[in-house]
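Here the protein sequences come in this chain order: W and G. Counting with my numbering, you get residues 240 to 584 for the letters of the first sequence. Counting with my numbering, you get residues 30 to 342 for the letters of the second sequence.
By construction, these hints were calculated from the structure, which means they are not laboratory data. Some hints could be false.
Stated by the list, open to error - So the derived label-pair ranges between C-beta atoms look like this:
| # | chain 1 | residue 1 | chain 2 | residue 2 | range |
| --- | --- | --- | --- | --- | --- |
| 1 | W | D327 | G | L56 | 37 to 45 Å |
| 2 | W | Q566 | G | L43 | 35 to 43 Å |
| 3 | G | R255 | W | P350 | 51 to 59 Å |
| 4 | G | R259 | W | Y531 | 23 to 31 Å |
Stated by the list, open to error - Listed below are several chain W residues computed to face chain G (Cβ distance under 8 Å; list not exhaustive):
| # | residue |
| --- | --- |
| 5 | E297 |
| 6 | G313 |
| 7 | P315 |
| 8 | R565 |
Stated by the list, open to error - In silico contact screen, one side only, chain W against chain G (beta carbon under 10 Å); selected entries:
| # | residue |
| --- | --- |
| 9 | Y317 |
| 10 | R347 |
| 11 | P350 |
| 12 | P516 |
| 13 | S519 |
| 14 | D523 |
| 15 | I526 |
| 16 | V529 |
The beta carbon of each residue, even a glycine, is placed where N, CA and C say it ideally should be.
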Amino acid sequence: MDEKKPSAVSFRSVSRHYGEVRAADSLSFDIAEGEFFSMLGPSGSGKTTCLRLIAGFEQPTSGEVLIRGVSMAGVPPYERDVNTVFQDYALFPHMSMAENVAYGLMIRKIPKAERAARTETMLAMVALSGMGQRKPSQLSGGQRQRVALARALVNQPGVLLLDEPLGALDLKLREQMQVELKAIQRQVGITFIYVTHDQGEALSMSDRIAVFNKGRIEQIGRPDEIYEHPATAFVAGFVGVSNILSGPAAAAVAGAPAAFSIRPEKILLAAPGRPVPADSCSADGTIASVLYLGASTRFGVALSKGGELIVIEQNREETAVSASARQGQPVRLIWQRAHIQEMRP
Amino acid sequence: MSALAADAPARGPLRRFSNFLYRRPKLTLALLLLPPMLWLGVVYLGSLAALLAQSMFSVDDFSGLTVYQPTLKTYGELFQPASLDIILRTVVMAASVTLGCAVIGFPLAYYMARFAGLRAKAVFYLAVMLPLWSNYLVRVYSWKLILAKEGVITWLFGLVGLDGLLDWILALPVVGGPSLSASYIGMWVVFMYIWLPYMILPVEAALERVPRSLIEASADLGAHPRQTFRNVILPLAVPGIAAGSIFTFSLTLGDYIIPNLIGNSRPFIGMVVYSYQGTAGNIPGAAAFTLVPILVMALYLAAAKRLGAFDAL
């Protein structure tokens with residue numbers, strides 16, 4: 240990280256306890272200026288608490304949050320150069336869309352003409368120009384989401400916080416908004432901190448991801464690092480399909496470590512007895528379950544030395560009928576050693 | 030299909046009747062609404078219409094008997110200076126009571142909605158509602174004693190050496206009087222006490238519906254607590270204040286017991302209606318005066334709507 244330029248946000252041994260519950264447990268990490276940083280984890284893992292600590296809605300029990308190198312201890316939300324897109328959007332129901340977007344500018348007493356111009360530019364950026372006079376109740380979920388984004392971005396904050404902003408949208412709209420959010424972030428160049436429990440969202444948009452579990456960070460890294468090289472069993476299981484072998488089942492695989500994970504799409508489903516290349520591992524078993532998923536098929540393979548591995552294959556030739564006919568078939572699983580991620584025992 | 034049809038035959042007249050209703054939702058709705066509509070339409074609105082029809086008659090000044098000839102003479106009497114005086118006095122009192130209830134009730138409702146825990150909220154609800162459980166007359170008479178010259182308030186003011194202040198307040202023109210119980214100030218206090226729950230409950234309900242995220246969003250966008258209150262909380266509470274003020278305003282307009290027991294016995298609308306239809310036997314006059322609170326309320330609601338009191342609903 241650049242030494243001269245302070246990080247957009249820094250956590251220094253930050254804890255937030257609610258009685259006995261440690262929502263955030265001694266966290267230290269840095270988020271670089273201009274980064275798209277995702278905080279990924281199941282509900283109750285502490286990711287939203289971290290977001291609220293940055294926004295200033297919560298104060299840490301101990302430790303320190305810094306924004307652009309300045310300590311935020313005791314600084315209220317309205318004095319922080321940070322804006323939030325709320326999970327429920329939190330649009331003011333008694334104001335029109337334009338008034339909602341202009342709220343921050345109105346509070347900072349920006350002249351009316353400039354306010355109107357900036358509001359209109361922002362509404363255009365989120366593809367809502369000319370609809371500023373409507374009330375939030377007259378908008379669809381996707382439109383409300385865009386207004387919430389525009390209302391936060393119009394203030395040109397140093398950091399934009401997004402609290403599961405796509406959670407309430409349907410799948411198609413969610414995928415479309417993922418593309419748009421990433422494009423907007425590149426365009427404005429603001430640091431985005433994105434809270435989500437959806438691994439797909441985190442993988443597709445982020446520069447870096449922090450995986451949260453029980454108030455602690457399990458791993459921080461680029462999306463491909465998180466996916467290909469999960470540092471812990473929790474990350475391997477939460478991001479993508481859990482495919483972990485340990486104990487006797489792992490020991491039976493020649494050349495593999497004592498405990499490891501392997502992504503299901505990296506495994507080749509081969510005929511029994513097929514020769515194994517020198518750089519690869521193999522295991523024999525029988526197909527115990529078949530799930531036809533349209534574009535791909537998910538096979539559960541029971542290994543003859545114990546344990547089970549999931550294999551996902553693209554359906555080039557396979558049909559639902561031919562796939563389910565393979566149930567009980569003996570197979571050999573082959574994968575490259577390089578794709579193995581060793582697990583901490 | 031045939032298996033279903035075999036099950037279909039109704040097993041008794043009650044079952045057949047309920048099947049009959051199930052297939053005719055509009056008829057069911059009509060049957061459900063008939064009793065309340067009869068009550069509202071015939072008994073309530075009907076009697077109100079009959080009363081207002083009475084106002085079209087007049088009382089013969091000499092014999093004191095009702096003359097059953099349509100005339101606007103009785104309405105004309107509403108515009109006599111003495112009548113206008115009564116109307117003005119009542120409306121000003123109702124407006125002051127409403128304002129007082131809003132000013133006193135809002136902070137309490139705000140605390141209940143935003144800060145009180147579950148237990149504290151239950152205690153507050155009980156405390157707000159408790160006075161409604163006891164008899165209205167008993168409460169008004171208690172206040173008469175509390176406000177009397179020999180009452181606990183005079184005693185308290187004396188205790189802390191502020192009897193000069195009390196004397197100064199009572200010496201104020203118009204609102205003062207020989208004692209608190211014989212002054213407009215006393216009447217205002219008692220009205221506020223009696224109607225306060227009707228203000229607190231709707232305001233509390235309105236504030237409770239404001240999600241915490243809206244207040245956080247306002248702070249997040251740079252608004253100080255004072256600006257958040259003015260721009261977000263207050264506008265969203267206005268429908269609740271409007272609902273509460275409809276109660277406090279209309280209840281004060283129509284009340285005849287408090288002005289009878291507290292104050293300087295100058296007449297209010299309710300007292301006039303009461304005496305006209307009772308001892309005076311002037312039903313047309315009583316009916317004409319009844320129209321005044323209805324018109325005042327209509328004007329009040331129209332003004333509130335115009336000012337956008339119901340925009341946030």
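Evaluation of the provided hints:
Under the hint 37 to 45 Å, the C-beta atoms of D327(W) and L56(G), about 41 Å apart, fit the expected range. Taken as a hint, the range 35 to 43 Å is violated for the pair Q566(W) and L43(G), whose Cβ atoms sit roughly 54 Å apart. For R255(G) and P350(W), the Cβ-Cβ distance of about 22 Å falls outside the hinted range of 51 to 59 Å, so the restraint is violated. Distance hint check: the CB atoms of R259(G) and Y531(W) are about 59 Å apart, inconsistent with the given range 23 to 31 Å.
With 8 Å as the threshold, the beta carbon of E297(W) stays out of range of chain G, its nearest partner Cβ sitting at about 11 Å, so the hint is violated. Interface restraint check for G313(W): the shortest CB-CB distance to chain G comes to about 15 Å, outside 8 Å, so the restraint is violated. Restraint check, P315(W) versus chain G: the minimum CB separation of about 7 Å is within 8 Å; hint holds. Hint on R565(W) is violated. Least Cβ distance to chain G is approximately 39 Å, over the 8 Å limit.
Hint on Y317(W) holds. Least Cβ distance to chain G is approximately 5 Å, under the 10 Å limit. A distance limit of 10 Å between C-beta atoms decides the matter here; for R347(W) the minimum to chain G is near 6 Å, and the interface restraint holds. Because the beta carbon of P350(W) sits about 16 Å from the nearest beta carbon in chain G, more than 10 Å, this interface hint is broken. Here the hint on P516(W) is broken, as its CB sits about 56 Å from the closest CB of chain G, past 10 Å.
With 10 Å as the threshold, the beta carbon of S519(W) stays out of range of chain G, its nearest partner Cβ sitting at about 52 Å, so the hint is violated. This hint is violated: D523(W) has a C-beta 52 Å from the nearest C-beta of chain G, more than the 10 Å allowed. Annotation: I526(W) was flagged as interfacial toward chain G, and the flag is violated, the nearest CB pair being 41 Å apart, outside 10 Å. A distance limit of 10 Å between C-beta atoms decides the matter here; for V529(W) the minimum to chain G is near 36 Å, and the interface restraint is violated.
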